[in-house]
Amino acid sequence: MLIDIIQNAIRGQQMDLGEVVSQILATLFVIFCILPIHEWAHARAAASLGDNTAKLQGRMSLNPLVSFDPVGAMFLLLFGFGWAKPVPIDSRYFKNPKRDTALTALAGPVSNLIAGLAGALILFGIIAGAGGMPNMLYYFLLAYIQINVALAVFNLIPLPPLDGSKILGAFLSDRALYNYYRYQNIIITIAFFVLLFGILDIPLMALQTFFSQIILWLGKLPYVLLGLLR
1 MLIDIIQNAI RGQQMDLGEV VSQILATLFV IFCILPIHEW AHARAAASLG DNTAKLQGRM
61 SLNPLVSFDP VGAMFLLLFG FGWAKPVPID SRYFKNPKRD TALTALAGPV SNLIAGLAGA
121 LILFGIIAGA GGMPNMLYYF LLAYIQINVA LAVFNLIPLP PLDGSKILGA FLSDRALYNY
181 YRYQNIIITI AFFVLLFGIL DIPLMALQTF FSQIILWLGK LPYVLLGLLR
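Just so it is clear: in the sequence shown, position 24 is 24 by this note's numbering, and no numbers are missing.
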């Protein structure tokens, strides 16, 4: 994110100031408004499956201060991937620990995809109603959609402590799951450097592009069916 902008500036590449400002504003909006929804979705899913740990600790909240993580926010601004303070989950309260842990984990990325779809509906709704929109608003909404999709894809990576690792756990044997978490600190360290040095950039970008196209198509579809857009 900001790292890319700075690198492009150093290389002398021309940049649209409005687009840059819109991307930063969209990132800040996601940090303070969408990441809390992501964590709330985890807590709400856990509570519906029998685990009220997050609720009892006051963590089932949309208040951004409750889930704000300064390091995760800084990483989202700088590198385009980040996190909020994770809600506490106690799988001992689940009837089916593996399945319910996976469902609880899945709720976070799904909330990002829903948030991205809401942005797409707003984007095409404005275009359909007004015939266009200011460039900065267009860039803001587009960046907002892309950031949400990127967060969903990022969190689905099956590496601890990301949501994807808990989803993967539902498909592992008890022994494999034990070994998986036994070495999670080593896995986390390796994953951190893999992400930081962009080793997974190509497959992640391909997945982000795929899901972004689906979200944009779904966001446009209602207006096409109503005859408001072509």
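Everything labelled a hint here was simulated from the structure, so no lab data went into it. Nothing here was measured: the structure is a model prediction, and the numbers come from that model. There could be a bad hint or two in this list.
What follows is a list of derived Cβ distance ranges for each label pair [unchecked claim]:
| hint | residue 1 | residue 2 | range |
| --- | --- | --- | --- |
| 1 | Met133 | Phe197 | 35 to 45 angstroms |
| 2 | Asn185 | Asp4 | 45 to 55 angstroms |
| 3 | Arg175 | Tyr93 | 22 to 32 angstroms |
Below are the EDC-like pairs computed for lysine to aspartate or glutamate, each with C-alpha atoms no more than 16 angstroms apart in a straight line [unchecked claim]:
| hint | residue 1 | residue 2 |
| --- | --- | --- |
| 4 | Lys85 | Asp69 |
| 5 | Lys55 | Asp90 |
| 6 | Lys98 | Asp174 |
Built from N, CA and C at the ideal position, the CB exists for glycine as well.
Here's how the hints hold up against the structure:
Here the CB-CB span from Met133 to Phe197 is close to 37 angstroms, well matched to the stated 35 to 45 angstroms. Range check, Asn185 to Asp4: about 30 angstroms between beta-carbon atoms, so the 45 to 55 angstroms window is missed. The hinted window of 22 to 32 angstroms between Arg175 and Tyr93 holds, with their beta carbons roughly 23 angstroms apart. For a cut-off of 16 angstroms, the pair hint linking Lys85 to Asp69 stands: about 5 angstroms separates their Cα positions.
This hinted pair checks out: Lys55 and Asp90 have alpha carbons roughly 12 angstroms apart, not beyond 16 angstroms. Between the alpha carbons of Lys98 and Asp174 the distance comes to roughly 9 angstroms, so the proposed pair stays at or under 16 angstroms and holds.
In this structure, only the earlier hint numbered 2 is contradicted, and the remaining ones agree with it.
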